[in-house]
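Undergrad: Here's the letter readout for the chains.
Protein chains: 2
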Amino acid sequence: MKTFSVGVSAVIPAPRSLLATGEGYVLTEATTVVFTPDDGEVARIATEFAADLRRWTGLAVPVTVPAAATGATGIRIELLPELGLAREGYTLDAAPGGVILRASTAEGLFRGSQTLRQICTDSAIPGVRIADEPRFAWRGTMLDVARHFFSVDDVKRYIDEIAYYKLNVLHLHLSDDQGWRVEIAARPRLAEVGGACEVGGGPGGFYTREEYADLVAHATARYLTVVPEIDMPGHTNAALVAYPEIAPEGYLTEHFTGTEVGFSNFDVANPATDEFVDAVIGELAAMTPGPYLHIGGDEVMKLTPEEFGGFVRRTIATVERHGKVAIGWDEVARAGAPSSTVVQFWRTHPDQDFLAPIREAAARGSKIVMSPGSRTYLDMKYDESTELGQDWAGLISVRHAYEWDPAELLGEVPDGALLGVEAPLWTETVTTLAEIEFMAFPRLTGIAEVGWSAASSRDWDGYRTRLAAHEARWDALGISHGAV
Amino acid sequence: MKTFSVGVSAVIPAPRSLLATGEGYVLTEATTVVFTPDDGEVARIATEFAADLRRWTGLAVPVTVPAAATGATGIRIELLPELGLAREGYTLDAAPGGVILRASTAEGLFRGSQTLRQICTDSAIPGVRIADEPRFAWRGTMLDVARHFFSVDDVKRYIDEIAYYKLNVLHLHLSDDQGWRVEIAARPRLAEVGGACEVGGGPGGFYTREEYADLVAHATARYLTVVPEIDMPGHTNAALVAYPEIAPEGYLTEHFTGTEVGFSNFDVANPATDEFVDAVIGELAAMTPGPYLHIGGDEVMKLTPEEFGGFVRRTIATVERHGKVAIGWDEVARAGAPSSTVVQFWRTHPDQDFLAPIREAAARGSKIVMSPGSRTYLDMKYDESTELGQDWAGLISVRHAYEWDPAELLGEVPDGALLGVEAPLWTETVTTLAEIEFMAFPRLTGIAEVGWSAASSRDWDGYRTRLAAHEARWDALGISHGAV
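If you read the sequences in order, they're chains A and B.
Position one of the first sequence corresponds to residue 1017 (the numbering used here), numbered consecutively onward.
Position one of the second sequence corresponds to residue 1017 (the numbering used here), numbered consecutively onward.
Each hint should be verified, as a subset may be incorrect.
As the list claims (entries may be wrong) - No more than 20 Å apart at the CA atoms, straight line, and that leaves these computed lysine to aspartate or glutamate pairs for EDC-like: (1) A:K1318 to A:E1376; (2) B:K1172 to B:E1226; (3) A:K1172 to B:D1054; (4) B:K1318 to B:E1265; (5) B:K1172 to A:E1057; (6) A:K1172 to A:E1064; (7) A:K1397 to A:E1444; (8) A:K1172 to B:D1055; (9) B:K1172 to A:E1064; (10) B:K1318 to B:E1270; (11) B:K1397 to B:E1428; (12) B:K1397 to B:E1451; (13) A:K1172 to B:E1057; (14) B:K1172 to A:E1444.
Think of the hints as simulated: they come from the structure by calculation, not from any bench.
Construct the entire structure; sequences and hints are all you get.
TA: Take a look at the structure:
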């Protein structure tokens, strides 16, 4: 099998600094992956990179630690906390005498190993000197598994594909009007009843707790934080079908297979709703090793601002009581969310009505994740000819998804207020892994670069050229993708 | 560093069949660990065994997959589901030409790799042919971290020590009168207030959810299932100190640093108690990947049989609603526990009053774990001269812990009713890892053999001889232990 290398000049996201030095390290039967120190995570990263090298080259690629007796050239993977590199930073030097990947954390080694995967051909690792670290701490994508359900295997494969681009957050939209997708043992009807539906009337589905744990473990092993979202108090029809006792008088409590929004919400005046929320959040928090829990909060149309604000503040307190940091869609900034809450900006245009509360939240200390709909919504069509997808947030070409700066959209916010970027993929029209891939690539690749690479190092023409190598790789591997 | 091999004739627990064949495989600079298939768990087991070989020998011990180009002799680790071996079974063949470890599951490979660790010297793996599998599915030990608290690092080290003897269950007694040891975000005072005490008045402590997850992950990587216990409705003083609203009128709600039992219990008539139990079990179930949750149930002295039975049945239903199998001390067999509940026998003498309800539970379909106090309680003194420990269940010599058969104690029970054996270590007098080790070894080693090895293959004289090699190893490694 071939590596489908993209070549040393086509790494995405662009490294902080990269110098192609010509002649590289030739892979031979003697090539060894040497790691240090001899500990678990470093060994795992070395072992998994060697496994890929084997698949690509057919060589044996033994993995070992430095030993005086072996003078073997090879690929060295070194964890050196004393280097003091940024948490996800790494350095990579490849030359005829060997290859050295160094980082101060195992996470940095993992990110660097993705660069190695991108540049490695089936016969050599080209000569290069790289020093790299990310611009933003949060580089994510959201997958809506509620409008259509996707299997654990499909999501795992998608995780593998996005880890290659150094993304580090997978936000799972686990509930919406059309389906509830994670087992909550304390409220078993959520998954059993609320899960048995999806857009268009398919069978839906849900992750058992074991499957969810398996999915999270797969992501964690790739240094991706899973952020689970239970969208509340709106987008809750599936929950209300399962537990009609927390639906307001007169609301629909039957399965919904359409795509309209705004018609459902919890009965926020009912104490049983708070008990329900506490049970769901408590269990989901305990199942989730990452620090975040997403409470949704978007598009609530039938509650007064007071009703909405009260529910949001109580729910954030519940999340915090269960030991997690709350994150919500940007409506929560207008609902008096405390500064501990992360605000996810999703608006499609820079209307001051939307921007002002978010800027104020940032001024009070809230961190902001940027998901402007008109740049990052992967379910938007590429252009008029795209059959899949929607267009309410605009058409989003590959260039449009790439050519913007998260720091310029909000206007003045304090240094450090921007946590990063995230590209959501809503799935009203998306039903298969191939369709996920088609909408994500190459726009998500661009968002990955927006999040990782320095603004000064980004330009469309250069990116477009690098992208061509990735398109060729996707074609070779059978990964669907859109066209530029 | 040396391997501290116990030698091929001293493996504990004794394998199903073992033939020493003389000349073995000599370790050299060319020795390679070769694994197949090239997948994650097999790679990890191979990588970790190679890391130990390196520590013992100073050799490089590269790890790789079979490749035509390399004719290297070495240690092959092969996952072969088609062999159809028992879940934890394995075969091991070592000869001058090489070593082959085979199993039908990764778990079997892990168990077999412990045998390899036991027999490997710093220069060779002796000639041997082994076919092995366990007698019982449950081979456990319980650690009481409530009477005295033990750090995550101490428990991890203990996990490593017991995995070497193929134990597969670590039961953690997480709550008792003297302390509550795991963070429950929904009831934060349990850990903060209830955790700040221990026998003798020390500071106590607790595991945060992250620490608990870390501990469980460490155990899981060694194919040990963690079974968390919240002892209820008695042994609950620490919980009542934290939440006095669920204490019966007039009960002590202050920290307790003594060792008496039987004075505390929940107010089982208070609906707030059921809410409390639901919140605790829900969160602990969600944090725990293994299938079991232990509800305690022992030594409740102030409730009527009706009050006790009602609470136990409700609590078991709560555990099952949260997706786990309940296990309880054998009192639950008399409380009308359903047949889905595992019953842990702990009595110190074969009184029919105790035995009859357990036999009846077994006849109804309950599985039984055997922890007879007079054989398996690791906190009992070895003999009159032992300073540490207690003697209320009798003195337990190394021979007494070894020379019994779990199948003969209960009398007639259906085939398959015996799930296995478990040795609890209560820690009223035990305060350090060295003291844990001193009480556990070598009696726990004997329980491991009682649980793993065929009854016909066990005899005291042979075991005593094998044990000598393990005692020498413990001495060399600085692991405390008692004397035979």
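Undergrad: Now tell me, hint by hint, if it's right for this structure.
TA: Right, here's what the structure says about each hint:
1. A:K1318 to A:E1376: 25 Å, violated
2. B:K1172 to B:E1226: Within the cut-off at roughly 14 Å; holds.
3. A:K1172 to B:D1054: 18 Å, holds
4. B:K1318 to B:E1265: Holds, because 13 Å separates the two Cα atoms, which is no more than 20 Å.
5. B:K1172 to A:E1057: At roughly 17 Å apart (the allowed maximum being 20 Å), E1057 (chain A) and K1172 (chain B) satisfy the hint.
6. A:K1172 to A:E1064: 16 Å, holds
7. A:K1397 to A:E1444: 13 Å, holds
8. A:K1172 to B:D1055: 15 Å, holds
9. B:K1172 to A:E1064: The given pair, whose Cα atoms are some 25 Å apart, is violated under the 20 Å limit.
10. B:K1318 to B:E1270: Roughly 18 Å separates the two Cα atoms, so the pair holds.
11. B:K1397 to B:E1428: Status violated; Cα separation ~31 Å.
12. B:K1397 to B:E1451: This hinted pair holds, its Cα atoms lying about 12 Å apart.
13. A:K1172 to B:E1057: 17 Å, holds
14. B:K1172 to A:E1444: Given pair K1172 (chain B), E1444 (chain A) is violated - Cα atoms ~47 Å apart, limit 20 Å.
When each numbered hint is compared with the structure, violations occur for hints 1, 9, 11, 14.
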